[in-house]
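S.K.: Dock chains L, Z and P against the given chain X, drawing on the hints supplied.
There are 4 protein chains.
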Amino acid sequence: MTTIRRIGVLTGGGDCPGLNAVIRAVTKTAMHQYKLEVLGIEDGYLGLIQNRMRLLQWNDVSNILTLGGTILGTSNQANPQCFAIERSGKTEWVDVTDRVVDHVRANELDAVVCIGGDGTMTGAANLIKNGINCIGVPKTIDNDLEGCERTFGFDTAVHTAVECFDKIHTTAMSHHRVMVVEVMGRNAGWLALHSGVASGADVILIPEIPYDLDVIAAVLYERSKKGKRFSILCVSEGAKPKGGDVVVQRRVETSPDPIRLGGIANKLVADIEERTKLDARATVLGHIQRGGSPTPADRVLATQFGYHALEILMKGAHGQLVVQQAGRLAEVPIESVAGKQRKVPPDDPLVSTARAVGTCFGD
Amino acid sequence: MTTIRRIGVLTGGGDCPGLNAVIRAVTKTAMHQYKLEVLGIEDGYLGLIQNRMRLLQWNDVSNILTLGGTILGTSNQANPQCFAIERSGKTEWVDVTDRVVDHVRANELDAVVCIGGDGTMTGAANLIKNGINCIGVPKTIDNDLEGCERTFGFDTAVHTAVECFDKIHTTAMSHHRVMVVEVMGRNAGWLALHSGVASGADVILIPEIPYDLDVIAAVLYERSKKGKRFSILCVSEGAKPKGGDVVVQRRVETSPDPIRLGGIANKLVADIEERTKLDARATVLGHIQRGGSPTPADRVLATQFGYHALEILMKGAHGQLVVQQAGRLAEVPIESVAGKQRKVPPDDPLVSTARAVGTCFGD
Amino acid sequence: MTTIRRIGVLTGGGDCPGLNAVIRAVTKTAMHQYKLEVLGIEDGYLGLIQNRMRLLQWNDVSNILTLGGTILGTSNQANPQCFAIERSGKTEWVDVTDRVVDHVRANELDAVVCIGGDGTMTGAANLIKNGINCIGVPKTIDNDLEGCERTFGFDTAVHTAVECFDKIHTTAMSHHRVMVVEVMGRNAGWLALHSGVASGADVILIPEIPYDLDVIAAVLYERSKKGKRFSILCVSEGAKPKGGDVVVQRRVETSPDPIRLGGIANKLVADIEERTKLDARATVLGHIQRGGSPTPADRVLATQFGYHALEILMKGAHGQLVVQQAGRLAEVPIESVAGKQRKVPPDDPLVSTARAVGTCFGD
Amino acid sequence: MTTIRRIGVLTGGGDCPGLNAVIRAVTKTAMHQYKLEVLGIEDGYLGLIQNRMRLLQWNDVSNILTLGGTILGTSNQANPQCFAIERSGKTEWVDVTDRVVDHVRANELDAVVCIGGDGTMTGAANLIKNGINCIGVPKTIDNDLEGCERTFGFDTAVHTAVECFDKIHTTAMSHHRVMVVEVMGRNAGWLALHSGVASGADVILIPEIPYDLDVIAAVLYERSKKGKRFSILCVSEGAKPKGGDVVVQRRVETSPDPIRLGGIANKLVADIEERTKLDARATVLGHIQRGGSPTPADRVLATQFGYHALEILMKGAHGQLVVQQAGRLAEVPIESVAGKQRKVPPDDPLVSTARAVGTCFGD
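Protein chains in written order, with my numbering: chain X, 84 to 446; chain L, 84 to 446; chain Z, 84 to 446; chain P, 84 to 446.
Isolated chain X (complex conformation) (with noise of 0.2 Å):
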């Protein structure tokens, strides 16, 4: 077993808010509890492949716990096996792993914490095959990550979207109509779920039960017929009507988040207007569910994971990602869950906990 004795930390892959209490979290423990040295890579694995890195000191993470977005910056550089370079006008894909290897033995870091999601996980399954010692910090604002329960960032989004749908109720309300609004999650609804429960939304519609537009219509209009002139649809952008496919018109690949000119809330607009006769209106919250200052739940949960990081890192800890399971903070292998994603279950209790106050599931 290595002696510890300097470390480094990245963040990869597009934003969550958690981001600077787990850098923050990893640094101080790091700093006080073990006195190790931190170094912080600039932009996710692009720092390790440019060899961007400088000492933190416990200034540079003080006051940065509330701060949304990430104080070391991040790039959509996912893995050193796949690092684009332009020649002669094209772009071409090449395996820069020597070279992060390299720098890495250069700047004599014992071992890498490496904050991100799915790609970046793939990336350090990659360097601890190359005998890094990798430890992962997950981060998924769509909480999908197989034997995680919950993962910062997630409660945030929740929060986010549910003020947005707080403000939408009450024009709803007034108006008589009929409000679709779209939340983050292309292939789990979990957003979709949390946000629907917590708005009490009329209906909610996810990736993992397709839709029937009639089961819906006949909804709104029961709904219509009691009197409730305004109903409310809770929609992952990745729900998908029973034998259809996800409505996504644009996507550009190497993007997290594509501009959209129309997805499934559009769809969703225009069948509900021809169904129903009703007045319907579509609102896709878009990237600000990413953003913002951490809520209390986000800040203490990223700061146990990044001591949490620390904690096993200390005890020989090689390749482990931190999980929480069951209340409690835990670790896997790395390799054993990246690239599988967490996806509610249709007997999710929370999907009967909503069937059972009146939630139409579409089904």
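Since no wrong hints were added, every one of them can be taken at face value.
Heads up, the list lumps identical chains together, so a pair's fine if it works in one copy or across two of them.
Within a straight-line C-alpha distance of at most 25 Å, the following computed BS3-like cross-link-like pairs (lysine-lysine) qualify: (1) Lys118 / Lys309; (2) Lys360 / Lys325; (3) Lys173 / Lys360; (4) Lys398 / Lys212; (5) Lys426 / Lys350; (6) Lys311 / Lys118.
Hints listed in this document are in silico derivations from the structure and should not be mistaken for laboratory results.
M.R.: Chains L, Z and P only, in chain X's frame:
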């Protein structure tokens, strides 16, 4: 001068935070200070046409100060002169002014307080011509009423927009991105101007100052060169390029909130990416700007507007609209302002202020 | 096993965000899923004693998910065994359990869902002994129920406290001051612990870890020497010095929220100013921590608790209390936990986390 | 008229949201529009006395618009004429104006922008007499500057207070209680007036309208009789009974925020409970009203104030204070307003509005 014993109150047009605060102030002032009876008319002019109104009690307007929406409901029926009826499968437009006048007389309303926007005031002007005393309270979330320097709902809309900008800011900083955020404002740029200044946007585009894409590209490039790897654009939905036209791809004419399948924000993102090769993203704030609990400033202003409407009514006013001028409440004849929009003058002090601190208006 | 056809629901004790969410979930699940009738009992046990209850309709519990407070009202009447009556100018305490049993029978209630804290559960245990089936839903903003890892209202209280800390932070930074902020928590320090970690407090004082003023003074002095000219202390109202006693100067015994004429925060400010000559200020958060709209997480949790209460009732449960354990809903006999408080263990993982990032607990 | 090439900027006195927005606007306008150099003076007049100032760069004032506090620091050193020095164990007050004048000359400052309250302006008036050009930007969270209808920070303070009132409202409703909430305002009641109107307080007590306890008791009793079982009082800390005196039990004279061991709120609670036998509770909002990120309206106003300070300076102004009058920016001589407080006139339109909707002022 008629003795006032009984009045009606209605809200027309789109949602706007503060409507309930006005209803409450009108009703409580009428009941408490002047011992009048107040009838709440349902769903704007539709309630006058269909004779749906109810006597309001003190408790009906208690605890509604903080609520978004309107307890009276609203509708898009902007003017009793154009009432749509279905006849043998076709929509016909008929003038139902006589019916409205009958209902006002039958309910012994000595005056009607009409809270609404341009359309509502056009309807009120018609009723005034037919001998009904209407007192108008202006409602425009865009703050663009000629002869009135501030309307309720505007502060709340700015607040909601700025909260979103603050969230997007951290994402932009971490990701080195150009974020284009579209706020409301078809013809007047007040919301974009105030939101942009309050959030420190790098570029503000408003309908009154057509933009030159080359100027914007130069600013973004300049920032990028100085090491600022992100930029934020705050854009009115009605912003337009020099010599160009407003970009609204689908508009449903009868609706105040068209579903747009890609407005100015998406166009700008495409144009900027093409011109600068920078990574850009669009966010359209949409309906959330109209909803929610009014800010304290809007609650105060709406309460003052409602009180003033009663004050001038009891002093003998006829066909007047409540306005704010030079920091004080005043009134102007309804017909003198109906249909007149207050636009941002290119030399508005706030535009000069924004330019002085380095903001680009694209010109 | 009795067939359940009709149930009552009541809320007892102090305010707690999420009460309406539980009422809504209980009522909607009962009506929608099980076709039961639900009677809303007014003002906690007082309504049972005085036979004040009303049949709830679907609309009574619509749009209340987001509301703070309780639509049923509450009271400090914690137990029908101790009912205060005025007799010839003196207060006498009488046992009115019989009267309550009669009212439950007369209203044909097959079970009563009791939402409340310790006092309410003691009352419920008494009713259970008298043959009334009570299902308990725990309500403690302090999150200190034995055998339950999370109660609704706690996340909202932390959220409110942290918002205040975030505001106070900037003032402290600009003024070079020691800010002592007192949060709720007579006997258990959960709220201070979570609020302190989430706001990056320099010192956290909780009842479970008595403090040494010399240790605190040393930390403040050390920070001052390092150029950090401000410090923030997050203090439970029940924090106490080593060998000392809780500082609560005036306590009105029948009231859950005594007016304190200077509690621990003011004592600490005086002590710190005397010992360190630093400028210190106290803030007591007080009642605002109990009020307001529940956070999304609390809305979800409260909804789940309400649903689960009905689930177990319909499966034959008798005298059970809903709890959360290891991330899942479960139940325990009411009498097994009544009166037992869950305190912060000195080696709680969150305490260790806080220590690792440099937080002082005054020991 | 001196050519202006280099200016200083300082912030003095207590915290106030918007200080950084003014610093940013002053500095950016100076650098961007007028190509001046700006020195940031640390800790108010203390920095001038001790010659602590640094050249500000564009990046120093980037991303500070939304921050509470002041990046320059502040102090209670209100006037260079009264500087405390310790000599043989005793505090002596000396006049260090000469030293300040020397430091201003040595740093080649052609003018100093002084952002602060009454004390700061008295200090500025002294410097002006000694030949230093000071431009004042008023800072008073109480909005009580004579000749200025609105100051930055006030909207934020009202916002914070009203958020607390909204939370307390639900608790009061559920518990049938009289809630007495104390807001800032020693001598002027603007904050209580606006917060009270915006939160629908039943009773508003301000220093300008001494209250009669019998009148308040009658209102509370009347509400109770009508079935309203709760009432909310919004009280300035300087509110006082007719013929009585302000209740501030301990006051530290050198400090802007005395620790009070029970102010007017606690007195009122005791008096009301004794007189009406209703259950009453006190909440003192305290420091949180001064902190936090400024509201959008305050960011805009602070930016305008900072810009205007530079504008008038470059046009030759000397010893002027920026103010807002009739909705527009203007300026008045610093010495003409220093020490003059703007109080709430008993016939202020907002007082009349509040009375009309049924609010009691205790008179």
